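Could you build the full structure based on these sequences and the hints that come with them?
Number of protein chains: 2
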Amino acid sequence: MITLEPIGVIHTPYLNNAPYQPVSNDVGEFYVDLDEAYTDGLKELLRFKYIYLLFYIDRLHEKPKMRFTPPWLENKELGLFATRTPNRPNPIGLSIVKLINVIDRKIIVSGLDVFDGTPLLDIKPYIKELDDKNDANYGWLDDIDNREHFMLHIKGIPHDY
Amino acid sequence: MITLEPIGVIHTPYLNNAPYQPVSNDVGEFYVDLDEAYTDGLKELLRFKYIYLLFYIDRLHEKPKMRFTPPWLENKELGLFATRTPNRPNPIGLSIVKLINVIDRKIIVSGLDVFDGTPLLDIKPYIKELDDKNDANYGWLDDIDNREHFMLHIKGIPHDY
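Heads up: the protein sequence lines correspond to chains Y and D, in order. Counting from 1, one number per residue, gives the positions in the first sequence under my numbering. Counting from 1, one number per residue, gives the positions in the second sequence under my numbering.
Given that identical chains are not distinguished, each listed pair holds provided it fits within a single copy or across any two copies.
Here are the simulated EDC-like pairs of lysine to aspartate or glutamate, each with C-alpha atoms no more than 16 Å apart in a straight line:
id, residue 1, residue 2
1, 49, 131
2, 49, 132
3, 65, 40
4, 155, 113
5, 106, 116
6, 106, 40
7, 43, 104
8, 106, 36
9, 128, 142
10, 128, 143
11, 106, 33
12, 63, 40
13, 155, 131
14, 128, 148
15, 76, 143
16, 76, 145
17, 65, 36
18, 76, 40
19, 43, 143
20, 106, 29
21, 65, 77
It should be emphasised that the hints constitute simulated quantities derived from the structure, not laboratory data. Keep in mind it's a predicted model, so treat the numbers as computed, not measured.
In structure tokens, the structure reads:
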């Protein structure tokens with residue numbers, strides 16, 4: 001058994017629902033309140049354009065299903081680990097966000113897909129050449145008739161069609 | 001307090017030391033043994049070229065320092081969260097690896113920087129367009145005189161100079 005302790009709190013405008021994946025926007029409503037004990041750990045962080053936020057998905061209490069059909073996809077059964085569903089054996093969330101500013105122990109970021117009050121577990125820098133795999137692929141998303149439309153859902157970008 | 005349970009074990013050739021970041025190689029010595037209860041969760045995973053492995057860095061028992069000077073860098077003090085040091089408040093490791101094969105519940109991957117026997121916490125697909133940020137930067141690594149050489153260290157790639 002592994003025990004962890006939150007190091008801060010993520011604040012978002014999402015009180016009761018959240019998009020499936022981070023929205024790219026710069027509205028400043030998304031920020032992290034890092035606990036005071038860790039403020040010194042932020043030195044030089046602002047040099048990075050993107051960071052990873054790792055967080056504990058604390059609102060889920062259902063036992064995860066190993067296989068399921070995701071929203072917006074009919075007739076497609078997927079294994080849990082081939083998806084980004086939040087309902088996982090270890091509910092650790094991972095979001096790549098743009099780093100907008102660091103003011104004392106407040107970290108202002110671009111949009112991400114979590115409820116307000118989500119416990120923060122870690123911050124890591126997203127490093128060019130190490131983390132951006134230009135030859136990455138879409139996996140099973142290639143099977144979707146309208147992948148571009150589906151990616152809007154995945155990213156949580158609002159759209160009218 | 002948050003509690004997690006390992007879902008498998010990562011196997012590597014590193015018994016007593018490990019490089020700082022994943023090595024890109026395809027030797028097949030790196031694989032995950034997923035616990036049997038989760039085998040069904042692997043359906044369609046092999047469609048992806050890259051995956052994230054999240055793991056528990058279980059060999060560290062030192063209290064992390066919020067600021068330090070990393071190896072190979074003199075006169076540079078960095079905040080912990082601006083680095084990928086394994087010694088973190090919540091020692092969750094994150095590696096992007098190439099997915100080579102999935103055979104039953106054995107997941108064969110490219111090299112990564114962990115000790116043999118490291119507990120696995122999660123597997124997530126690395127999705128093109130969502131995770132590869134082409135405009136990412138190098139952060140404080142830009143200050144290093146010989147960044148290319150330093151990146152070999154960061155990636156754990158052996159070199160003679």
